[in-house]
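Q: Each chain is listed here by its residues.
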Amino acid sequence: MVKGEVEPASTPPNSSSVLLRAERLGRTVHDKILIQDATFELQKGEVLAITGPSGSGKTSLLRLLNRLDEPTSGTLFVEGTDYRNIEPRELRRKLGLVTQRPYLFPGTVAENLRFGPAQRGETLQPEAIEELLAQVGLKDYAGRDVANLSGGEAQRVSVARTLANSPLVLLLDEPTSALDEVAKLEVESAIHKVVRDQGLTCVMVTHDVAQALRFAGRALVLERGRVVRAGPVGEALRA
Amino acid sequence: MLRLFLHSQLQLGFAQALVAALAALAVVVLARRRGIHLEGETLVAMVRGLVQIIAVGSILVILLRAPRWTSGILLVGMIAAAGATSARRAKGMPDAFRVSALAIAAGAGSIIALMTLLGVIDTAITSLVPVGSMLIANAMNTNGLALNRFRSDVLAHVGEIETALALGAEARESVSPYVQASFEASLIPAIDSLRSLGIVWIPGLMAGMLLSGARPVYAAIYQFVVLAMIFAASGLTSLISTMLIRARVFSPAEQLLLQPGI
Numbered sequence: 000m001v002k003g004e005v006e007p008a009s010t011p012p013n014s015s016s017v018l019l020r021a022e023r024l025g026r027t028v029h030d031k032i033l034i035q036d037a038t039f040e041l042q043k044g045e046v047l048a049i050t051g052p053s054g055s056g057k058t059s060l061l062r063l064l065n066r067l068d069e070p071t072s073g074t075l076f077v078e079g080t081d082y083r084n085i086e087p088r089e090l091r092r093k094l095g096l097v098t099q100r101p102y103l104f105p106g107t108v109a110e111n112l113r114f115g116p117a118q119r120g121e122t123l124q125p126e127a128i129e130e131l132l133a134q135v136g137l138k139d140y141a142g143r144d145v146a147n148l149s150g151g152e153a154q155r156v157s158v159a160r161t162l163a164n165s166p167l168v169l170l171l172d173e174p175t176s177a178l179d180e181v182a183k184l185e186v187e188s189a190i191h192k193v194v195r196d197q198g199l200t201c202v203m204v205t206h207d208v209a210q211a212l213r214f215a216g217r218a219l220v221l222e223r224g225r226v227v228r229a230g231p232v233g234e235a236l237r238a
Numbered sequence: 000m001l002r003l004f005l006h007s008q009l010q011l012g013f014a015q016a017l018v019a020a021l022a023a024l025a026v027v028v029l030a031r032r033r034g035i036h037l038e039g040e041t042l043v044a045m046v047r048g049l050v051q052i053i054a055v056g057s058i059l060v061i062l063l064r065a066p067r068w069t070s071g072i073l074l075v076g077m078i079a080a081a082g083a084t085s086a087r088r089a090k091g092m093p094d095a096f097r098v099s100a101l102a103i104a105a106g107a108g109s110i111i112a113l114m115t116l117l118g119v120i121d122t123a124i125t126s127l128v129p130v131g132s133m134l135i136a137n138a139m140n141t142n143g144l145a146l147n148r149f150r151s152d153v154l155a156h157v158g159e160i161e162t163a164l165a166l167g168a169e170a171r172e173s174v175s176p177y178v179q180a181s182f183e184a185s186l187i188p189a190i191d192s193l194r195s196l197g198i199v200w201i202p203g204l205m206a207g208m209l210l211s212g213a214r215p216v217y218a219a220i221y222q223f224v225v226l227a228m229i230f231a232a233s234g235l236t237s238l239i240s241t242m243l244i245r246a247r248v249f250s251p252a253e254q255l256l257l258q259p260g261i
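Top to bottom, those sequences are chains R and U.
If you read the first sequence in numbering that gives the first Met the number 0, its first letter stands for residue 0, the second for the next number, and so on.
If you read the second sequence in numbering that gives the first Met the number 0, its first letter stands for residue 0, the second for the next number, and so on.
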């Protein structure tokens with residue numbers, strides 16, 4: 000599909016289907032404000048882009064959502080439950096994070112996909128592995144050693160590995176920023192297909208405005224840790 | 000050569016210390032030329048070491064006449080000092096002193112106690128303090144190596160660790176490869192000492208025993224005994240310290256606290 004023709008994978012907001020609600024979420028470290036008073040909602044099936052210049056706090060906000068960092072103010076509600084009351088491992092499984100660099104574990108692609116389910120004592124069957132890999136365009140890659148993958152392939156394995164945990168929300172931290180132009184398009188297309196086909200709820204951090212416009216239904220624009228604009232992606236980013 | 004010019008033992012000792020210190024300083028100068036700055040740390044360590052050993056040497060006569068129970072106090076003091084010294088190798092690690100002191104106390108302390116109880120170490124202060132101090136000093140080095148390696152490995156693999164956490168791994172599982180690597184690396188000197196005993200080096204303790212009239216075979220066997228005890232004390236210390244520090248680099252919400260720049 001031509002990039003410009005991609006339709007945003009979001010659904011219209013519905014008050015009964017709020018998955019995430021951030022309330023004045025903030026983090027300050029050594030008197031430095033990383034995130035301040037971030038308040039927003041994420042509906043089921045919606046794709047939200049978080050954009051802003053370098054150092055504006057995009058990744059910091061995503062890390063707060065996954066609770067890799069602790070908020071110093073406010074909180075996040077996941078399906079109505081304060082996320083501080085959810086066991087961290089369960090929370091991180093529900094809010095699956097794909098990092099900027101893939102960080103695959105040594106071994107095969109299949110071993111990487113089995114990692115998440117194995118943490119809760121489940122074994123991912125070979126058919127499920129093949130299905131996940133097919134979703135990201137890597138059919139028949141299960142037995143390959145991750146050391147032999149290209150950057151784009153590694154990032155797609157990373158996406159499939161996160162999806163193996165069946166997350167409620169997919170958190171993407173600039174998943175294409177470390178890739179060359181060809182790999183970037185491959186990965187973006189694979190992620191877009193998965194999000195659209197499965198109706199996944201997704202938060203994507205990107206500094207690329209065009210990517211946000213292609214991908215998201217709504218956007219938050221951050222500057223110096225504060226949300227300065229929020230709304231439908233076209234309005235928020237073209238303002 | 001020094002003996003030709005210096006006839007007093009004290010003067011000779013200071014001259015020998017000066018020459019040895021100059022050799023050490025020459026290495027520091029060479030390192031400096033390659034951009035490695037060890038000047039301050041080495042100088043302080045050498046001056047401290049000299050002052051401390053002279054102080055202990057001066058009161059040794061008094062110590063040797065002290066009642067047996069004083070060796071316990073001395074060994075506890077040594078453990079505290081060892082904890083503080085090796086904690087410095089774990090800069091930025093939460094609770095490094097407590098972890099080090101606890102690990103050395105449990106690792107070296109338990110081996111000293113057990114071996115004394117079983118009669119492997121004599122209860123005389125002249126035996127318990129020197130042998131105990133050897134175990135504590137080696138446990139201190141091993142602990143410092145383990146914590147230092149663990150810190151470097153964690154800082155070099157923050158991405159991998161946080162990826163594992165993000166996929167739902169337990170905090171302790173996410174750092175287990177680095178715990179294992181630190182433990183193994185910290186024991187390399189102790190293993191090499193055992194392996195090269197009698198071939199690469201003949202330790203001072205054995206020479207001392209021979210000079211004081213012990214049978215050579217017994218002196219040799221006892222040297223092995225000491226090294227095996229050092230290995231046990233060091234290994235146990237490293238096991239305990241890596242286990243304790245592993246829990247402390249995470250917050251209660253399983254967030255990695257040890258981060259570059261913090």
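Keep in mind that a hint or two might mislead.
A partial selection of chain R residues facing chain U, derived with a Cβ cut-off under 7 Å [said to hold, decoys possible]:
no.: 1; residue: F39
no.: 2; residue: E69
no.: 3; residue: T71
no.: 4; residue: I85
no.: 5; residue: R88
no.: 6; residue: R91
no.: 7; residue: F114
no.: 8; residue: A117
no.: 9; residue: Q118
no.: 10; residue: L123
Worth flagging that the hints you see were computed from the coordinates, not collected in a lab.
Note that beta-carbon positions come from the ideal geometry of N, C-alpha and C, so glycine has one too.
Q: With reference to the structure, classify each hint as holding or not holding.
A: Status of each hint after checking the structure:
{"no.": "1", "hint": "F39", "verdict": "21 Å, violated"}
{"no.": "2", "hint": "E69", "verdict": "6 Å, holds"}
{"no.": "3", "hint": "T71", "verdict": "13 Å, violated"}
{"no.": "4", "hint": "I85", "verdict": "10 Å, violated"}
{"no.": "5", "hint": "R88", "verdict": "5 Å, holds"}
{"no.": "6", "hint": "R91", "verdict": "5 Å, holds"}
{"no.": "7", "hint": "F114", "verdict": "6 Å, holds"}
{"no.": "8", "hint": "A117", "verdict": "9 Å, violated"}
{"no.": "9", "hint": "Q118", "verdict": "4 Å, holds"}
{"no.": "10", "hint": "L123", "verdict": "12 Å, violated"}
Violated hints for the displayed structure, listed by number in ascending order: 1, 3, 4, 8 and 10.
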